[in-house]
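Asker: Each protein sequence line maps, in turn, to chains A and B.
Residue 386, in UniProt numbering, is where the first sequence stops; the numbers in between run on with no holes.
Residue 203, in UniProt numbering, is where the second sequence stops; the numbers in between run on with no holes.
It is worth saying that the hints were derived from the structure and are not from the lab.
Each residue gets a CB set at the ideal place from its N, CA and C atoms; glycine is no exception.
Just to be clear, a hint being listed does not mean it is correct.
As the list claims (entries may be wrong) - With beta-carbon atoms standing in for the labels, derived distance ranges:
id, chain 1, residue 1, chain 2, residue 2, range
1, A, Pro53, B, Gly118, 43 to 51 Å
2, A, Arg250, B, Trp153, 50 to 58 Å
3, A, Lys314, B, Val57, 29 to 37 Å
4, A, Gly123, B, Pro193, 24 to 32 Å
5, B, Ala35, A, Gly194, 55 to 63 Å
6, B, Asp71, A, Pro54, 33 to 41 Å
7, A, Ser207, B, Asp127, 35 to 43 Å
8, A, Leu338, B, Leu177, 49 to 57 Å
9, A, Arg273, B, Leu177, 39 to 47 Å
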Amino acid sequence: MQFGIFTVGDVTTDPTTGRTPTEHERITATIAIAKKAEEVGLDVFATGQHHNPPFVPSAPTTTLAYIAAQTERIILSTSTTLITTTDPVRIAEDYATLQHLSAGRMDLMMGRGNTGPVYPWFGKDIRDGIPLAIENYALLHRLWREDVVDWQGKYRTPLQGFTSTPRPLDGVPPFVWHGSIRSPEIAEQAAYYGDGFFSNHIFWPASHTRQMVQLYRRRFEHYGHGSADQAIVGLGGQVFMRKNSQDAVREFRPYFDNAPVYGHGPSLEEFTRQTPLTVGSPQEVIERTLGFREYAGDYQRQLWLMDHAGLPLKTVLEQLDILGEEVVPVLRKEFAALKPAHVPDAPTHASLVGRAGGAHDATVHATDDVTGASPDATPSEPAVAR
Amino acid sequence: MSALRLAVITAGLTQPSSTRLLADRLTEATVAALAPREVVVEVVEVRDVAHDLTNHVLTGFASPELQVRLDAIAEADAVIVATPVYAASYSGLFKMLVDVLPKDSLRDTPVLLGATGGTARHSLAIDHALRPLFAHLGALVAPVAVFAASEDWGSVDAGSLGARIERAGTALARLLLGNAAPERSDPFEDVTPFAALLGELHG
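Take these sequences, add in the hints, and give me the full structure.
Answerer: Below, the structure is given as structure tokens:
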């Protein structure tokens, strides 16, 4: 099982000091957090994608490539990549490049985005959110699997004889998760392709997560990718920990009360009762997290949101220490003991290469613009110059 | 024959409330008009979930206490609503409840409208505020609605409150009995197959 963190990348005023970080501070803090995540033994770091203040991560592959260069082991991912408003051709190119630069240490999670104006800013309409996610991903899926693509759709200019470069590392496309809070169409999409399904799981009651995950598992089996309990599930989570529960509650309350998403609404106590948010001791976090599998089944990836609502960097790094030292080692052991042998781990580049029967270089040396044919890339046949 | 489910939404704030009084009278009249059919009545006092409604608007999800009430409304065969008139319209709390009802949960559901106010001069609020709201929701709104002004509770004139309530209850019962139960689909059970989702794009 993989454990990690995901960031939204919000620039939020610290309600206890009234201080708001600059964008530069927030971006460098994101890097520090990612490196810390690796240092404390986490498996995954994921960043969001946003195109409006107060969020900084508008260029996720730039950030992730920088982190990849400064880390050795951690898997870099997204939370989420906007499949609706980002050109799928650019996603194919950007993330294939990241895949090469990180030596396969990456995957990505598709999401639709719920900020209305972002759609028109990129020439789209939020009411087309689901069809955009379906069409754009169908194209992306082909771009990583077919050297030369002829394509025509509703939302993007057609492609004739198009080759997305670079080709995926070792001939194996990055693994993809699909994230959605409440759209059954997205669970269905993930199941159809045999991709992973990620339930954000932090702002909503467990009953919603259960419903979405069950649908995804059932349809995963329907499409013949394996049995329902072999489907690839990821869950979000949100925690704040101190040695003593009361200290955690006292320290986190002002951040909760003023948080952009749920602030000035339910009390911390109501919210922790109704959603997976856990504020307390490491032991409480362990128990709560183990409880997730009771309704989501044996799952493959657990990501926590740690650096939001104006929490200072120092506090976030302390939280990561607690997570890495006291929580994740116990969860690794406990989840491993509970998981039946036939339930797979989350796919990694290495496992996907293995499944594909080994690595092969997929470089396309040139493409004939007229015929769309892709010449064989063996050295005996000279590449055709464009 | 299974029992009919009647949900009653009442948005009065005081205790006792004339809005609740009107809601109860409309309920009695409807149940009587439906006899001998058995009716299960579920009353939703908006005040009881006032904080939950605010939280729902802010967070996007319902507390368990609110969820059971939303479910009762969505699953009802018919709905009676009663709201006080504030500033020429339904009360804000009443509208918050309507705002968080799941999409299409009142579509094709027979609905009886009731409102209360200090004087009869507010009675048109039913027709210029409540009726368009429920038209938007796609409800089958009964043509007879009841407005109860303070003075109506002390009146014995013919054509007074009691007779109007009885007529309204009968109207709702007729709508309900002449109306096949609307089909509800569960998007988690009746999945649209992916091929169809893809196909719609090429249609």
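Asker: If you check the beta carbons of leucine 338(A) and leucine 177(B), does the distance land in 49 to 57 Å?
Answerer: 54 Å, holds
Asker: 35 to 43 Å was suggested as the range; check whether the CB atoms of serine 207(A) and aspartate 127(B) agree with it.
Answerer: Once the Cβ atoms are compared, 39 Å apart, the range 35 to 43 Å for aspartate 127(B) and serine 207(A) holds.
Asker: Taking the Cβ atom of glycine 123(A) and the Cβ atom of proline 193(B), is their distance within the range 24 to 32 Å?
Answerer: With Cβ atoms ~30 Å apart, the hint holds.
Asker: Within 55 to 63 Å or not, the Cβ separation of alanine 35(B) and glycine 194(A)?
Answerer: Roughly 57 Å apart at Cβ, these two residues keep to the hinted range, so it holds.
Asker: Honestly, do proline 53(A) and glycine 118(B) meet the 43 to 51 Å range at C-beta?
Answerer: 47 Å, holds
Asker: Do lysine 314(A) and valine 57(B) keep their Cβ atoms within the hinted range of 29 to 37 Å?
Answerer: At 34 Å between Cβs, range holds.
Asker: Given the range 33 to 41 Å, decide if the beta-carbon distance of aspartate 71(B) to proline 54(A) lies inside it.
Answerer: Holds - the Cβ-Cβ distance for aspartate 71(B) and proline 54(A), about 36 Å, lies within 33 to 41 Å.
Asker: Given a hinted range of 50 to 58 Å, is it respected by the beta-carbon distance of arginine 250(A) and tryptophan 153(B)?
Answerer: 52 Å, holds
Asker: How does the Cβ-Cβ distance of arginine 273(A) and leucine 177(B) compare with 39 to 47 Å: does it lie in that range?
Answerer: With a Cβ separation near 42 Å, arginine 273(A) and leucine 177(B) satisfy 39 to 47 Å, so the hint holds.
Comparing the model with each numbered hint stated earlier shows that all of them hold.
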